[in-house]
Amino acid sequence: MFDKIINYFTAYGLRIALVVCVAVIGILLMVLLSFLLKKILYKTRIDDSAVSFITAIFKIVFVIIIVALCAAILELSTSSLVVSLSSVALALGLALKESLSNLASGIVIIANKPFRRGDWVSVNGTEGKVQSIDR
Numbered sequence: 000m001f002d003k004i005i006n007y008f009t010a011y012g013l014r015i016a017l018v019v020c021v022a023v024i025g026i027l028l029m030v031l032l033s034f035l036l037k038k039i040l041y042k043t044r045i046d047d048s049a050v051s052f053i054t055a056i057f058k059i060v061f062v063i064i065i066v067a068l069c070a071a072i073l074e075l076s077t078s079s080l081v082v083s084l085s086s087v088a089l090a091l092g093l094a095l096k097e098s099l100s101n102l103a104s105g106i107v108i109i110a111n112k113p114f115r116r117g118d119w120v121s122v123n124g125t126e127g128k129v130q131s132i133d134r
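As numbered in numbering that gives the first Met the number 0, residues 0 to 134 make up the sequence shown, in order.
Among these hints, one or two may not hold up.
[Stated by the list, open to error] Simulated restraints, written as ranges between beta carbons of each label pair:
id: 1; residue 1: 10; residue 2: 76; range: 15 to 25 Å
id: 2; residue 1: 36; residue 2: 76; range: 23 to 33 Å
id: 3; residue 1: 114; residue 2: 15; range: 44 to 54 Å
id: 4; residue 1: 16; residue 2: 63; range: 18 to 28 Å
id: 5; residue 1: 92; residue 2: 37; range: 20 to 30 Å
id: 6; residue 1: 113; residue 2: 76; range: 40 to 50 Å
id: 7; residue 1: 4; residue 2: 129; range: 55 to 65 Å
[Said to hold, decoys possible] Below, a list of computed lysine-lysine pairs in the DSSO-like style, where the Cα atoms sit at most 30 Å apart:
id: 8; residue 1: 37; residue 2: 96
id: 9; residue 1: 37; residue 2: 128
id: 10; residue 1: 38; residue 2: 128
id: 11; residue 1: 112; residue 2: 42
id: 12; residue 1: 112; residue 2: 96
id: 13; residue 1: 96; residue 2: 58
id: 14; residue 1: 112; residue 2: 128
id: 15; residue 1: 42; residue 2: 128
id: 16; residue 1: 96; residue 2: 128
id: 17; residue 1: 112; residue 2: 38
id: 18; residue 1: 58; residue 2: 38
id: 19; residue 1: 112; residue 2: 37
id: 20; residue 1: 58; residue 2: 112
id: 21; residue 1: 58; residue 2: 37
None of these hints come from the bench; they were simulated from the model.
Cβ atoms here follow ideal geometry from the backbone N, Cα and C, with glycine treated the same way.
Can you make the complete structure from the sequences, with help from the hints?
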């Protein structure tokens, strides 16, 4: 029993250690790059809500890349990982189609900029001051 465990860690120990290092370095790099991306985007004339949306998408894509890289290091089939991610994305898309519609509407609002933070708006008889436009 213990011989199998020792043989497993002898054969795959270096790969597991490499995956842990890649994951830690990848997460630290993601945090650093998202911080730099925020700083760069805030210096442009892009709206604050668009900046938070862009950095959130960047983080999601970066995590997917880290997971795929770790799977490749462990010699796992990345094609099955892509198929799994695709099926999860399809299921979430079908389950959250109303929320995704609202997300698309939010992107249109951010792109067209009909109002900004601090504006006074009236919608269906309800009035108020826009405090934030975010996820």
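Results for each hint:
1. 10 <-> 76: 15 to 25 Å: holds (18 Å)
2. 36 <-> 76: 23 to 33 Å: holds (32 Å)
3. 114 <-> 15: 44 to 54 Å: holds (51 Å)
4. 16 <-> 63: 18 to 28 Å: holds (23 Å)
5. 92 <-> 37: 20 to 30 Å: holds (28 Å)
6. 113 <-> 76: 40 to 50 Å: holds (47 Å)
7. 4 <-> 129: 55 to 65 Å: At roughly 59 Å between Cβ atoms, residue 129 and residue 4 fall inside 55 to 65 Å, so the hint holds.
8. 37 <-> 96: Holds, at roughly 29 Å.
9. 37 <-> 128: Holds, because 25 Å separates the two Cα atoms, which is no more than 30 Å.
10. 38 <-> 128: Cα-Cα ~27 Å, so holds.
11. 112 <-> 42: holds (18 Å)
12. 112 <-> 96: Roughly 24 Å between the alpha carbons, so the hint for residue 112 and residue 96 holds.
13. 96 <-> 58: holds (22 Å)
14. 112 <-> 128: holds (15 Å)
15. 42 <-> 128: OK: residue 42 and residue 128 at ~25 Å, within 30 Å.
16. 96 <-> 128: Distance of about 29 Å is within 30 Å: holds.
17. 112 <-> 38: Cα-Cα ~21 Å, so holds.
18. 58 <-> 38: Distance of about 15 Å is within 30 Å: holds.
19. 112 <-> 37: This hinted pair holds, its Cα atoms lying about 19 Å apart.
20. 58 <-> 112: Status holds; Cα separation ~24 Å.
21. 58 <-> 37: holds (12 Å)
The structure fails none of the hints (numbered hints given earlier).
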